[in-house]
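Student: Sequences are here, hints too, so could you generate the full structure?
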Amino acid sequence: MTLKKSILTIAVVLTSLTLRAQTMADAEKAYQSANYNEAVVLYEQIIGQGKESAALYYNLGNAYYRLGQNGKAILNYERALRLKPGDSDTRENLALAESRTTDRIPAIPQMFISRWYSSIVSLLSPSGWRIVLLCLLAIVSAIVVIFMLSTDYRRRRTLVIIGGVAVMLLLASIAITISSSVRFVRHNEAIVTQQAVVVKGSPENDSVDKFILHEGTKVHIDEQLSGWYKIRLADGSTGWMAVDDIEVI
Amino acid sequence: MKRQIISILVFIALTLTAIGQEITVRAPQSVSVGDQFQVRFDVNDKASNFRGPSFKGFSVLSGPSTSSSSSMTIINGQVNRSVSTGFSYVILADQEGSFTVGAASCTANGKTITSEPFTIKVEKLTQAQQQQRKQQQQQRRDPFDPWSNQQQQTTKIDNTTLFARASINKSNLYQGEQAIITYKIYTQVPISQFQIDKLPGNKGFWAEDLSVGKDIKQYEETVNGQRYQVAEIRRGALFPQENGTIKIEPLDLNVLAMVQRQRRRTGSIWDLFDDPFFNSAQAVERKLTTNSINVKVKSLPTAPDGFTGAVGRFDVEGGVNTNKVRANEAVTYHITISGSGNIMLINTPDIEIPKVFETYDPEVKDKITRSDNGVSGSRTYEWVLIPRSQGEFVIPAYTFAYFDPSAGHYVTRRVEAQRISVSAGDPKAMTSVSSKDDVRLLNSDINYIKLGRYKLSDRSGSEHPNPWFWIVMAVIIVISTVAYLFGRKQQSDAKDIAGTRLKQAIRMAHKRLKKAAQYLKTDDNEHFYEEIYKAIWGCLADKYNIEPAELNRDTVNECLKAKNVDPDVQQRIMKLLLDVDMARFAPGDPSAQRQAVYDEALAVISSI
Chain A
1 MTLKKSILTI
11 AVVLTSLTLR
21 AQTMADAEKA
31 YQSANYNEAV
41 VLYEQIIGQG
51 KESAALYYNL
61 GNAYYRLGQN
71 GKAILNYERA
81 LRLKPGDSDT
91 RENLALAESR
101 TTDRIPAIPQ
111 MFISRWYSSI
121 VSLLSPSGWR
131 IVLLCLLAIV
141 SAIVVIFMLS
151 TDYRRRRTLV
161 IIGGVAVMLL
171 LASIAITISS
181 SVRFVRHNEA
191 IVTQQAVVVK
201 GSPENDSVDK
211 FILHEGTKVH
221 IDEQLSGWYK
231 IRLADGSTGW
241 MAVDDIEVI
Chain B
250 MKRQIISILV
260 FIALTLTAIG
270 QEITVRAPQS
280 VSVGDQFQVR
290 FDVNDKASNF
300 RGPSFKGFSV
310 LSGPSTSSSS
320 SMTIINGQVN
330 RSVSTGFSYV
340 ILADQEGSFT
350 VGAASCTANG
360 KTITSEPFTI
370 KVEKLTQAQQ
380 QQRKQQQQQR
390 RDPFDPWSNQ
400 QQQTTKIDNT
410 TLFARASINK
420 SNLYQGEQAI
430 ITYKIYTQVP
440 ISQFQIDKLP
450 GNKGFWAEDL
460 SVGKDIKQYE
470 ETVNGQRYQV
480 AEIRRGALFP
490 QENGTIKIEP
500 LDLNVLAMVQ
510 RQRRRTGSIW
520 DLFDDPFFNS
530 AQAVERKLTT
540 NSINVKVKSL
550 PTAPDGFTGA
560 VGRFDVEGGV
570 NTNKVRANEA
580 VTYHITISGS
590 GNIMLINTPD
600 IEIPKVFETY
610 DPEVKDKITR
620 SDNGVSGSRT
630 YEWVLIPRSQ
640 GEFVIPAYTF
650 AYFDPSAGHY
660 VTRRVEAQRI
670 SVSAGDPKAM
680 TSVSSKDDVR
690 LLNSDINYIK
700 LGRYKLSDRS
710 GSEHPNPWFW
720 IVMAVIIVIS
730 TVAYLFGRKQ
740 QSDAKDIAGT
750 RLKQAIRMAH
760 KRLKKAAQYL
770 KTDDNEHFYE
780 EIYKAIWGCL
790 ADKYNIEPAE
800 LNRDTVNECL
810 KAKNVDPDVQ
820 QRIMKLLLDV
830 DMARFAPGDP
840 SAQRQAVYDE
850 ALAVISSI
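Keeping their order, the protein sequence lines are chains A and B.
Per the working numbering, residue 1 is the first one in the first sequence, and the count goes up by one each step.
Per the working numbering, residue 250 is the first one in the second sequence, and the count goes up by one each step.
By construction, these hints were calculated from the structure, which means they are not laboratory data.
What you are looking at is a predicted structure, and each value in this text was computed from that prediction instead of being measured.
Please note: incorrect hints may appear among the correct ones.
Looking from chain B toward chain A, a few residues come up when the C-beta cut is under 10 angstroms (computed) [unchecked claim]: (1) I698; (2) R702; (3) Y703; (4) K704; (5) I725; (6) S729; (7) Q820; (8) K824.
For glycine and all other residues, C-beta sits at the position ideal for the given N, C-alpha and C.
Tutor: Structure (structure tokens):
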């Protein structure tokens, strides 16, 4: 009985795997033959199965870009960058898609340290940073072990200097890994996917219209309230938007 | 004449003698429509801060004007001095009915005094009166009566002596054709100032003001046999933008006319002074409105190629600044359109520039002159072209067409084709244009999709760190701990080995020395030295961890020096080793020396 069951499960998994591979190949073919609508449908189907990858989001973003749906294209490029922040193809395409958006929002100038920090954090994905952290941890523990075992004075002094640097790097990598993971998990950024959206002053349909955002604009989500998001723009202005008007990265 | 007598009687009736300060009103009780009359407020003292009443239902032609008089009378030797101040208005009755004029007030001798309100009845003119008035007017025009002539020229302000007109030089236009509109004030009374209240909206036209920064032109003109002073207050060029009949709205303006106020002739001696020289001028405000004008606009006939909306009379000229250029260096190409007409409404010419040139939107320079005859001038379009590769290129000829409304047809002008030869350029000398980055970004396309199979991961799984992370971290920590513990063990073991070896070595050495002592007693020379030798070398090898193969005097010497052994002990060890070697290989040694060697060996080993 259990054997039969497990065989059945394996069979199901295998067929779904081959089916998915088939869907991916079909989507690629559709894109290559400029059949972007079909490519979008197929890629969305794979994502609908709860799967994701940076390349998948990137390809979907390209298909949306070709269809002229700039907001969706930006959304998918951002999702791809979330998984693989350093990908230059994605970055370039995102810059191109962003140059076509309507809203020009002057960002509040940040402190250069926080700008550096956030650009360092987005150099690697959270898992990449975890690998860096593990490597540094291995180096530091090796140095510590050698230091504790060695009796020679001069060697110990050299080890203290090297070890100090390594420990600093390790601490930095821990901090970066944590903020990178937090950023990755938080999902607090969204893209406007409708052509033009009115941002309200409070989470009610009949409240004042504060401003209008256009497709492709990135907003920061501060709060969520039944059907509404409290959003913040790069220039610091805030407002409430209906959940349907934006898609979370 | 009768009316005048009545008026005088009324005045007399109204005049009251007064004691103390008071205001006396002198005004007719009833007048006819169209009558001009005087209302006078007299104060029998010096007065100031006069506040006049509102003349509702009447038009104030002038006033209030102030006059003051003082008189002295001597009756039976008694001197009476009196001062009086008068404020007077000239009023026109222009509506029928009964109107109440409110109170006037002023300050006299520190007190505020107020006049009584009064009512004036305005009656309709009877037929006979109208005829009489006409006669009077005719009489007044009599050139032989200097008084009446003067009066006519100076005091009457109505639609025939002061009016404003708008005129246009063409009322039948083509769409886009220039027409000149002129606004003029016609007057027979002097005007001190004017102010335009409302400018017409000019809907359906493109309007240019031609009178900006220019003085107002004044001249004389005869209208309907009357001479008028004419002031040209505004001149504009209009370019109709729609076809059909378009109405030009009137212009409203406000004029301050100067009215000569005359004293009433009473037939007294004072009439001598009734001369224009003594008359004071009163500013009277009048609102004027010009006529509206209807203009018929015809649409243009079918346009030929190269027509960009120019209507008027134009000339065109163009060219490049150089015919020879190196790649990546800029060339400028310009087209200048000059002439008179709707020059600022011309659209940018569409020029087919070869694709090899990088081009930007043209720079437009306008030199527009606005003269009385309309708008003229020139417009220059200048393109900056940057050839990106070498070769011979031609900018095709440009045809410029405009509509000549006076001839009623289109005229075509031509700018010849321009030849540009581009030689190889310095790749570094890229002409930089500020918007370069944007241009490049817009022209570039997205990168292609990622092909082939790529790994998919579960969306929910990526939220939490991989368990491998913690496993690897634990492994690193465990491995380093184990490595540390192992190292410690090794070190402590190594220390132990040295210690036991030394202990064993000393024990061995003492055993050997005991054996040597037996051989010493039995005089077995050979065995004695052998035992001594083994004892010393074994002890040294174990003490200083020297391999048996490397045992010789030199290594021992170095080892002792490296270990910082007391030089005295060093010397003794080395001497003992030398002695033992010598004794072993040189037999027949006296027993006394054997005893000394034995003692020395014992001492050295114990010292180690």
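Student: Is the interface hint for Q820 (chain B) satisfied, with its Cβ closer than 10 angstroms to some Cβ of chain A?
Tutor: Violated, because the Cβ-Cβ distance from Q820 (chain B) to chain A comes to roughly 30 angstroms (cut-off 10 angstroms).
Student: Holds or violated: is there a CB of chain A closer than 10 angstroms to the CB of S729 (chain B)?
Tutor: holds (4 angstroms)
Student: Should the interface hint for Y703 (chain B) be scored as holding, given a Cβ-Cβ cut-off of 10 angstroms against chain A?
Tutor: Result: holds, 4 angstroms to nearest chain A Cβ.
Student: With a cut-off of 10 angstroms on the beta carbons, see whether R702 (chain B) makes it to chain A.
Tutor: Holds. Min distance 7 angstroms.
Student: Verify the interface restraint on K704 (chain B): the C-beta must sit less than 10 angstroms from at least one C-beta of chain A.
Tutor: holds (6 angstroms)
Student: Answer holds if the nearest beta-carbon of chain A is closer than 10 angstroms to that of I725 (chain B); otherwise answer violated.
Tutor: holds (5 angstroms)
Student: With chain A as the partner, please determine if K824 (chain B) meets the hint condition of a C-beta pair closer than 10 angstroms.
Tutor: violated (34 angstroms)
Student: Grab the minimum C-beta distance from I698 (chain B) to chain A and call the hint holds if it beats 10 angstroms, violated otherwise.
Tutor: Hint holds; I698 (chain B) Cβ to chain A Cβ min 4 angstroms, cut 10 angstroms.
Checked against the numbered hints given earlier, the structure breaks hints 7 and 8 and satisfies all the rest.
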